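S.K.: Sequence:
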Amino acid sequence: MNDTSTPSPLPTRSPRRAGLPLRAWYALGAVALTVLSALAFTAAWVVRRAEPEARRLVIETLSDRLHTRVELDQLHVSLLHGMGGLQVTGSGLRIESIDGSGRPATSGVPMLTVEGFAFRTSLGTLLHDTPGAIDVFATNAIVTLPAASSAAQPVKLKPLPGILLVHDVVVTGAKIVFEPAQPGAEPVEYDLREVRLADRGDGHAFAYTGTVVGAGLIPDVHASGDLGPWLPSSPRDTPIDGSYRFEKGDLRAIAGLSGTVASTGSFHGTVSQIAAEADVEIPDFALAISAHPVSLHVHAQVLVDCATGSAIIASSTTTFLHTSIAATGTVTRAPEGFAVEADKQIQGRSEDMLVLFSKARTPVMSGALEYKGHLSVPPGQTNVITRAHARGVAAIRGAAWADRAMQQQIDAVSQRAQGKAEVAKGDPRKIPVATSDVTMQVAIDNGVMSLTHVVDSMPGASVVMQGTYALIGGRVDMHGVARTAARASQLTTGWKSLLLKPVDPLFSKHGAGAEVPVKMTGDLAHPAFGTDFKNRGEDQRKTEKIVTVQKK
Numbered sequence: 015m016n017d018t019s020t021p022s023p024l025p026t027r028s029p030r031r032a033g034l035p036l037r038a039w040y041a042l043g044a045v046a047l048t049v050l051s052a053l054a055f056t057a058a059w060v061v062r063r064a065e066p067e068a069r070r071l072v073i074e075t076l077s078d079r080l081h082t083r084v085e086l087d088q089l090h091v092s093l094l095h096g097m098g099g100l101q102v103t104g105s106g107l108r109i110e111s112i113d114g115s116g117r118p119a120t121s122g123v124p125m126l127t128v129e130g131f132a133f134r135t136s137l138g139t140l141l142h143d144t145p146g147a148i149d150v151f152a153t154n155a156i157v158t159l160p161a162a163s164s165a166a167q168p169v170k171l172k173p174l175p176g177i178l179l180v181h182d183v184v185v186t187g188a189k190i191v192f193e194p195a196q197p198g199a200e201p202v203e204y205d206l207r208e209v210r211l212a213d214r215g216d217g218h219a220f221a222y223t224g225t226v227v228g229a230g231l232i233p234d235v236h237a238s239g240d241l242g243p244w245l246p247s248s249p250r251d252t253p254i255d256g257s258y259r260f261e262k263g264d265l266r267a268i269a270g271l272s273g274t275v276a277s278t279g280s281f282h283g284t285v286s287q288i289a290a291e292a293d294v295e296i297p298d299f300a301l302a303i304s305a306h307p308v309s310l311h312v313h314a315q316v317l318v319d320c321a322t323g324s325a326i327i328a329s330s331t332t333t334f335l336h337t338s339i340a341a342t343g344t345v346t347r348a349p350e351g352f353a354v355e356a357d358k359q360i361q362g363r364s365e366d367m368l369v370l371f372s373k374a375r376t377p378v379m380s381g382a383l384e385y386k387g388h389l390s391v392p393p394g395q396t397n398v399i400t401r402a403h404a405r406g407v408a409a410i411r412g413a414a415w416a417d418r419a420m421q422q423q424i425d426a427v428s429q430r431a432q433g434k435a436e437v438a439k440g441d442p443r444k445i446p447v448a449t450s451d452v453t454m455q456v457a458i459d460n461g462v463m464s465l466t467h468v469v470d471s472m473p474g475a476s477v478v479m480q481g482t483y484a485l486i487g488g489r490v491d492m493h494g495v496a497r498t499a500a501r502a503s504q505l506t507t508g509w510k511s512l513l514l515k516p517v518d519p520l521f522s523k524h525g526a527g528a529e530v531p532v533k534m535t536g537d538l539a540h541p542a543f544g545t546d547f548k549n550r551g552e553d554q555r556k557t558e559k560i561v562t563v564q565k566k
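So the sequence shown is numbered by my numbering: it starts at 15 and just counts up by one.
In case anyone wonders, no lab produced these hints; they're calculated from the structure. These numbers were taken from a predicted model, which means no experiment stands behind them. Treat the hints loosely; a few may be bogus.
What the hints assert, rightly or not - Within a straight-line C-alpha distance of at most 20 Å, the following computed SDA-like cross-link-like pairs (lysine to any residue) qualify:
hint	residue 1	residue 2
1	510	547
2	262	292
3	262	227
4	262	307
5	439	509
6	386	454
7	510	435
8	262	194
9	189	99
10	386	348
11	515	436
12	358	314
13	515	499
To be verified - Listed next, with one range per pair, are the computed distances between beta-carbon atoms:
hint	residue 1	residue 2	range
14	489	278	17 to 23 Å
15	420	196	56 to 62 Å
16	196	524	53 to 59 Å
17	446	333	29 to 35 Å
18	333	443	35 to 41 Å
19	548	524	19 to 25 Å
20	261	357	26 to 32 Å
Just so it is clear, CB atoms sit at the ideal spot from N, CA and C, and this is done for glycine as well.
Please put together the full structure from these sequences, using the hints given.
M.R.: Written as structure tokens, this is what we have:
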């Protein structure tokens, strides 16, 4: 009989974990830690090596290219985690000369100082001379430009070696200092809040945007345009052009004026001299003596000497209400402020000028105004009205008084002066309006306007006067003579006319039917007219001389 036996099962084994044994993981971790430690050590070694290399590269590159001494207080290199590059920061950069001469500015200070800077680059750039473009961020840079007389002879700068190619430069807090040409004079400085320069390629201009720090009259000025190419032998002559704008300037920075100033314009030229075309808007311009604001617009062409802070006004046209003022002149910087010298021509309306210079809400007189003269304003901090000096000649055509009652009195006087006393006694509304033509010489000193050779001509009469008008206070004090075509007895009617006939010869002088001393005094808004027999002094004799000259 065949026995059939069942095979015995295989012996049971303990389950085995898939993958590496646990001790292999420990070994792998130890290796990784060793590698990381080595990498960290290597990175630290690279950084330590990169710092002196970077410092050497910065100093030698600038020194070799500019033929000058370059100093750098500190430079640090740090790894950029996860970016495969280096962060380079430095401080205390001083470049003795930036004009290629190797000479410092005449003041002895470096031509360029930078408090701090930073840029990012790669290991290959620093260690293996691999070309790379960088963006530089700098703080508190000062550029000192020597006087034109001390500029170096033309020097051809060496090109950059191509290792560090600057693409963009951003400077926060900068100052441009123009050294004076005259010994003992103060340098002219401009503070810049921020400047951004974008390189357009070797030998080409930088595109720039920047903000010049302002205060008071001219606030921060925002500008953009092109700068360069750099002229190393004469940095002041480096080309620049662009456009600018500012707003919310405060005219109260000039004592005696008020208004909010905004301006836009364009300019071109060099770093030291620019020609600008500007438009200025002052919607609320006013003089403190009147406080009557008007909207004022100025279009000007100006040549600015940045090295001295002065300017030449090639042309300027100021318009307000119905009046236009054309001017040329100079603005000269001084320790106490600015001095202004200007030749002016005014075409417009006398009432517009009275709005500015008179306290009266309604101008007392109207007429077509022409003026030609010179204005001089010395520097100072006192009211500009008291500082201003002016000399000129003025003419008003078709002058008429705004006050109806006063104009009717003038109309009646004109009729009497023509020998039409009966007409003068009639209905004032039916008397022809008598406008006049006025010519005069004008001088302004210490806030007082002196008016001489004033000739006011109307139908039948002319008035020759001289005197003063106080710009501050508005008081007028004028004396002179009125010359009429009619005799004294013809100025009235009835028994008064009969009484005056015997004295007609006494009043008839210099070919006139009658000459009568007159005066205008009081507040310009409400002046008082009258005869002036009690004050026939020096003023009267002067006006009689004018009459005599006119007669000849």
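S.K.: Just to be sure I understand the hint, the distance between the Cβ atoms of residue 196 and residue 524 should be within 53 to 59 Å; is that true here?
M.R.: Holds, at about 57 Å.
S.K.: Are the Cα atoms of residue 189 and residue 99 separated by 20 Å or less?
M.R.: Status violated; Cα separation ~32 Å.
S.K.: Given the range 35 to 41 Å, decide if the beta-carbon distance of residue 333 to residue 443 lies inside it.
M.R.: For residue 333 and residue 443 the Cβ distance comes to about 36 Å; the hint holds.
S.K.: Below or equal to 20 Å on CA atoms is what counts here, so check residue 262 against residue 194.
M.R.: With a Cα-Cα distance of about 31 Å, the restraint between residue 262 and residue 194 is violated, given a limit of 20 Å.
S.K.: Between residue 510 and residue 547, is the straight-line Cα distance small enough, at 20 Å or below?
M.R.: Holds, because 19 Å separates the two Cα atoms, which is no more than 20 Å.
S.K.: Hey, residue 439 versus residue 509, does the alpha-carbon distance stay inside 20 Å?
M.R.: holds, 15 Å
S.K.: Within 26 to 32 Å: is that where the Cβ-Cβ distance between residue 261 and residue 357 falls?
M.R.: holds, 30 Å
S.K.: Given the hint that residue 358 pairs with residue 314, does the C-alpha gap stay at or below 20 Å?
M.R.: Since the Cα atoms of residue 358 and residue 314 sit roughly 13 Å apart, the hinted pair holds (cutoff 20 Å).
S.K.: Between residue 489 and residue 278, is the Cβ distance one that fits in 17 to 23 Å?
M.R.: violated, 41 Å
S.K.: Does residue 262 pair with residue 292 here, judged by a C-alpha cut-off of 20 Å?
M.R.: holds, 16 Å
S.K.: Take the C-alpha atoms of residue 262 and residue 227, compute the straight-line distance between them, and say whether it is at most 20 Å.
M.R.: Given pair residue 262, residue 227 holds - Cα atoms ~13 Å apart, limit 20 Å.
S.K.: Could one say that the CB atoms of residue 420 and residue 196 fall in the range 56 to 62 Å?
M.R.: holds, 57 Å
Hints 8, 9, 10 and 14 from the earlier list are contradicted by this structure; the remaining hints agree with it.
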